[in-house]
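K.L.:
What follows is each chain in one-letter form.
Protein chains: 4
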Amino acid sequence: MANTFGHLFRITTWGESHGGGVGVVVDGCPPRIKLSETDIQPDLDRRRPGQSSIVTPRKESDTVQILSGTFEGKTLGTPISMMVKNTDARSEAYGEMATKFRPSHADYTYFAKFGIRAWPGGGRTSARETIGRVAAGAIAKKILREQFGVEILAYVKQVQNIVADVVPDKVKFNAVESNIVRCPDSVAAKKMISLIERVRSQGDSVGGIIEGVARGVPPGWGEPVFDRLEADLGKAMLSLPATKAFEIGSGFGGVLLTGLQHNDPFRMKGGKVRTTTNLSGGIQGGISNGETIFFRVAFKPVATVMHEQQTVSTDFKNTTLKGRGRHDPCVLPRAVPMVEAMTALVLVDHALRHRAQCGR
Amino acid sequence: MANTFGHLFRITTWGESHGGGVGVVVDGCPPRIKLSETDIQPDLDRRRPGQSSIVTPRKESDTVQILSGTFEGKTLGTPISMMVKNTDARSEAYGEMATKFRPSHADYTYFAKFGIRAWPGGGRTSARETIGRVAAGAIAKKILREQFGVEILAYVKQVQNIVADVVPDKVKFNAVESNIVRCPDSVAAKKMISLIERVRSQGDSVGGIIEGVARGVPPGWGEPVFDRLEADLGKAMLSLPATKAFEIGSGFGGVLLTGLQHNDPFRMKGGKVRTTTNLSGGIQGGISNGETIFFRVAFKPVATVMHEQQTVSTDFKNTTLKGRGRHDPCVLPRAVPMVEAMTALVLVDHALRHRAQCGR
Amino acid sequence: MANTFGHLFRITTWGESHGGGVGVVVDGCPPRIKLSETDIQPDLDRRRPGQSSIVTPRKESDTVQILSGTFEGKTLGTPISMMVKNTDARSEAYGEMATKFRPSHADYTYFAKFGIRAWPGGGRTSARETIGRVAAGAIAKKILREQFGVEILAYVKQVQNIVADVVPDKVKFNAVESNIVRCPDSVAAKKMISLIERVRSQGDSVGGIIEGVARGVPPGWGEPVFDRLEADLGKAMLSLPATKAFEIGSGFGGVLLTGLQHNDPFRMKGGKVRTTTNLSGGIQGGISNGETIFFRVAFKPVATVMHEQQTVSTDFKNTTLKGRGRHDPCVLPRAVPMVEAMTALVLVDHALRHRAQCGR
Amino acid sequence: MANTFGHLFRITTWGESHGGGVGVVVDGCPPRIKLSETDIQPDLDRRRPGQSSIVTPRKESDTVQILSGTFEGKTLGTPISMMVKNTDARSEAYGEMATKFRPSHADYTYFAKFGIRAWPGGGRTSARETIGRVAAGAIAKKILREQFGVEILAYVKQVQNIVADVVPDKVKFNAVESNIVRCPDSVAAKKMISLIERVRSQGDSVGGIIEGVARGVPPGWGEPVFDRLEADLGKAMLSLPATKAFEIGSGFGGVLLTGLQHNDPFRMKGGKVRTTTNLSGGIQGGISNGETIFFRVAFKPVATVMHEQQTVSTDFKNTTLKGRGRHDPCVLPRAVPMVEAMTALVLVDHALRHRAQCGR
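Chains as they are written, first to last, in the numbering used here: chain A, 1 to 360; chain B, 1 to 360; chain C, 1 to 360; chain D, 1 to 360.
Hints in this document: simulated from the structure, not taken from any laboratory.
Worth double-checking, as some hints may not be accurate.
Put simply, identical chains are the same to the list, so a pair is met inside one copy or across any two.
What the hints assert, rightly or not - Lysine to aspartate or glutamate pairs mimicking DMTMM-like chemistry, simulated, CA-CA at most 25 Å apart:
hint, residue 1, residue 2
1, Lys-269, Glu-96
2, Lys-85, Glu-72
3, Lys-172, Asp-45
4, Lys-59, Glu-197
5, Lys-85, Glu-37
6, Lys-272, Glu-197
7, Lys-172, Asp-39
8, Lys-85, Asp-39
9, Lys-85, Glu-60
10, Lys-190, Asp-39
11, Lys-34, Asp-315
12, Lys-142, Asp-165
13, Lys-322, Glu-146
14, Lys-74, Glu-96
15, Lys-59, Asp-45
16, Lys-170, Glu-151
The structure displayed is predicted, hence computed values, not measured ones.
Just chain A, same shape as in the assembly (with noise of 0.2 Å):
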């Protein structure tokens, strides 16, 4: 009970793996914005299997259908219903998921709370679930643009030890998308994919981080004291498969600074009220305080590895799995757009909702 994110502008996720396709239906869009499947598209498959050599080789299109929403290509204001087919549906290739519990996957803890669950693939457990969210989050991204003047943007910062030298302010779209692995350092970017190949042909698999940033965000928006803006974007990313953390501006490293060393001094720019550092990460007590929004989520390695592991069987025997077929090195680049979504869904959200109660 738990597949609705957002409060004004609200998404509603279904669909399992391997059953007749997963969707979303979005709620609460402002009307009369141009949209068709053309928006949504470049994002689906930005995260789709397949798309380099790096990735999981699941073979599926994932090509996207509007179903609702729209009239003459424009929002109606009404519930926007899109949905992918599934097509690549191979359950034997997980003949022996039926009856072993993965480690470190969702497969037990399913199991435990519904007594039931969809095997094949990991039904709702498997990452195909974020197709809604992705699908979702280019609407999200199109009315941050053209509504807001707000740009969301994320990328690999890391992977396992191979760490980035990115500047929020400044990183572009282009050089994140330059390479397969999305990640704007070049030098860095060769060093990761080189890596993601090395363990991919050990069979196993490798983690890392993603940065996410916004910018242009006016300040003002968050709703304090429980939905604080880095509250709602640390559920958001705490919300996506594989994360184990989540940090904003200065985050963990800010624990080794004073007080003094920390606070971010304001000073009068071009007019605005600016901050001289961003160590606050364009956030204050739940408020988007004007600067560069970024924030990187941790995410672990992909516990399915081609590799025998001790387990337990759906009949509570001790037993044994190895990993056989499709295998995911890397869940980072595919993971790229996802962080994006959710950041847009996030900060979308929080736009109308201050709309709502202030007036602007």
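Following the hints, position chains B, C and D against chain A.
P.N.:
Relative to the frame of chain A, chains B, C and D by itself:
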């Protein structure tokens, strides 16, 4: 418009630093639970200013009153309203705050959002707001303990660069409470206290990390895809003032491992499905797996320091501001009960949500 | 931004009359319930246009597809997405609607709200929108019947001035379905059918009253103070198209009695607390008391009539409009399953909410 | 778990009849609105017991305190907490209520739901609960009046079989307040007062109908498909104690007309789209159309009467109960401000929701 937290066990907090008081309404509490002020006050005392030499000296007894929702010492199932009156409301000490925005405080962002702010004591942005959370959290902890066998604990894990050695599975409440910094590693605790005292004498402040622990959570709590248990814990923690980061289980450190290294093998133990390691931090796929849940929260150093700093005035001119009066060198000892409270609020809400859908 | 209904058993509907289709996502359904399209289709067939000579002749089979949320014939506890494709989308029949607002339709108000409207077939304001509700309601009725022993029924109580004689405690489903107007009083039913046929031949339409009944609801469901059971039932009914009034138990008629006359005396019966009369309609203080719940809903006559009427054009000039093409003389027979669906959705949601807080 | 009402302008009420007090937290109020207790108290005085000879004589001044959310006489945008202390808490007068369930009261259903009840004064089921609603409604009315030009009114339309003649478009507040029964038709008012006095002297009670009016609502408020404006108004009214029915515009009477008779023709008037009749009651398709909104709410006769009645004891034996002490012959005069409050709460919430999605 976001002063309510939780879906079924739902709290609404209210109050400014210098208004009539602060409080909370708890809605959805199960009926027939023994409850009086003596269940609440101890946690408020742990949160209270002036409790030791290393926290802010504001003098308030923070005495709680239960105004509704109980009858003859038991909960009625109706809303429980609790209130703490404000007594130490010395507006004059904050005079300069009326006309200048404190750096890295919420002063400016509240003004940017609302076009008005209650400057005495920071108004709604004061840590006094957390009184309502801690009071509600005391009820949540009691329900978890008595009805679900779940124990909640938190403690100071790190102050600046001093890291404590603590085992989440074994740490005891008495060890946490054995010193004023609330760190169960007594060697580290001494160093932490010295550090905070030194920083205080310099008119500066210092941050750190609190670790939160939940033991005894049964498998099955958590509501994917959006209200994953770690997502709701992350949001809860990041909704606390001064937090910048959250990680669960292996957290950011987990990205250095491969999938094979990171996976927690399942083994049967005492008739139960258990894991032999716990890098997952007790949650897989957003649902508890029966292992100890543990996570870390970073608190930045308190923004108010006794030094001259650059800032901007409320008539938008560059100026400087030097902190005066009371000064909190380290929020961590008082934040421990806040982390416990938010953990308990998330868990009791998920316990009820799980019972609603799955019937147990 | 209000296409979601329910708190724990939560539905989100989508779809316009002439878009790709209409559908619903059901979130929060308990797991391990047997479910297939054959559980859903019968109620859709009762809602379908063209089912008899006295309803609108639009020809659509309204065949439902379950796209997610089940596995091997059982619910997973994950979202159940259901869809019906639009097939009879004859926009041309509605040509004049593009440029004129139909009197007492939602054409003008949708335009006033959103600045855009999907004029073919009324878009989102079409009764096709209720397909999602009826499909979701079929699941809700099944859960109530199988897990809680609750039976839901509705029937036509009145058409214009023809009033049926029905006893809510005893009426049977078969009696309701024994004639095309869905009135279990066969004498009244004949008169109603004649009346509707006459009105249809005059190109006019007629309204009436549907009575809804829930039998077997245990004492204790309902969530005061705002989500009283009758308040949620009232909202549910008034959210159906063309409804203007709702009353429960004694309703408007109860104001003619004194307190002494209106009170339902309690008596023990079969070891249970029962009432000897039921003017309360099964609900006291917003909570079910174990007696039969019954209520009435007024549906105004359908707005589209085959007569010339005064109206205004989309360029804001006075004009006239005459209905053409398909014409629904009376919505009541098709509204019966809608009333049942909304009743079931309210009750199952309250069953789960009660279980969450009170543990049974 | 349902003591919160509204989505964006959201109130949470708390309090039992004989606890520490009753109150409300208002979240989401726009900032910078002038507000003090003098804006609230007049409506509480209109709701107060003991205000005239025809209402319950309980003696309480019901003096409201604003505890938070304002600063220097203006709203902050933070939660507004308001409280009224309980002073006339004579438990002894209700002694027999401890062991017997009053017929047609919520005594039994609360016990059935929660397994516990606060019997003195009815606890949470007391009409004192509405104090919080009326206080919050006073703020909502002020916002509607000052920021949106909307005027809210309610009045007694019928007591038992005495029906007043009132024109919703023209009735004035002063006429409503010109007599103690709050009926603007002075001839009917006199008869109503006589009737209530007679019924009171007989130890009995009487119900009736209140009509609610909203004038000046612009076209476009309302959130189909579920949060239609009339659905939310209906829910709001049916959440008030003792209500049994709701109808808007033509209501139940509308079923006697044909479509041709019932339709409201559109005509241009003063450059605006208007209707020449208003059987719709100002709402079409769930959205306001710019005409006056008006509706009727039925209140059953108060359950407590000074006569011996059959009932059941708390140890489940047949018994009798005779009302003693204070006795409210007619709730209608005091319910008028309750109806106004709930109307205003619904409308201001919808005003903000409309602004959020549609930007104006």
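K.L.:
Are the CA atoms of Lys-170 and Glu-151 at most 25 Å apart within a copy, between copies, both, or neither?
P.N.:
within (12 Å within a copy, 46 Å between copies)
K.L.:
As a check of your reading, is Lys-322 near Glu-146 (CA-CA no more than 25 Å) within one copy, between copies, both or neither?
P.N.:
neither (49 Å within a copy, 41 Å between copies)
K.L.:
Could you figure out if Lys-59 and Glu-197 sit no more than 25 Å apart (CA to CA) within one copy, between two copies, both or neither?
P.N.:
The answer is within: 19 Å in one copy meets 25 Å, while 57 Å across copies does not.
K.L.:
What label fits Lys-172 with Asp-45 when the C-alpha limit is 25 Å: within, between, both, or neither?
P.N.:
within (19 Å within a copy, 50 Å between copies)
K.L.:
How would you classify Lys-85 and Glu-37 at a CA-CA limit of 25 Å: within, between, both, or neither?
P.N.:
Close inside one copy (14 Å) and across copies (19 Å); limit 25 Å.
K.L.:
How do Lys-74 and Glu-96 come out at 25 Å by Cα distance, when the copy is not named: within, between, both, or neither?
P.N.:
between (47 Å within a copy, 21 Å between copies)
K.L.:
Treating 25 Å as the Cα threshold, decide for Lys-142 and Asp-165: within, between, both or neither.
P.N.:
neither (28 Å within a copy, 48 Å between copies)
K.L.:
At most 25 Å between CA atoms: does that hold for Lys-85 and Glu-60 within a copy, between copies, both, or neither?
P.N.:
This pair counts as both: shortest intra-copy Cα distance 9 Å, inter-copy 23 Å.
K.L.:
For the identical chains here, do Lys-59 and Asp-45 meet the 25 Å Cα criterion within one copy, between copies, both, or neither?
P.N.:
within (12 Å within a copy, 38 Å between copies)
K.L.:
For the identical chains here, do Lys-172 and Asp-39 meet the 25 Å Cα criterion within one copy, between copies, both, or neither?
P.N.:
Within one copy, since 19 Å is at most 25 Å while 52 Å is not.
K.L.:
Within a copy, between copies, both or neither: where do Lys-85 and Asp-39 come within 25 Å Cα-Cα?
P.N.:
Classified as both: same-chain Cα gap 18 Å, cross-chain 23 Å, threshold 25 Å.
K.L.:
Within a copy, between copies, both or neither: which one fits Lys-272 and Glu-197 at a CA-CA cutoff of 25 Å?
P.N.:
Neither. Shortest intra-copy (48 Å) and inter-copy (38 Å) distances fail the 25 Å Cα cut-off.
In this structure, the earlier hints numbered 6, 10, 12 and 13 are contradicted, and the remaining ones agree with it.
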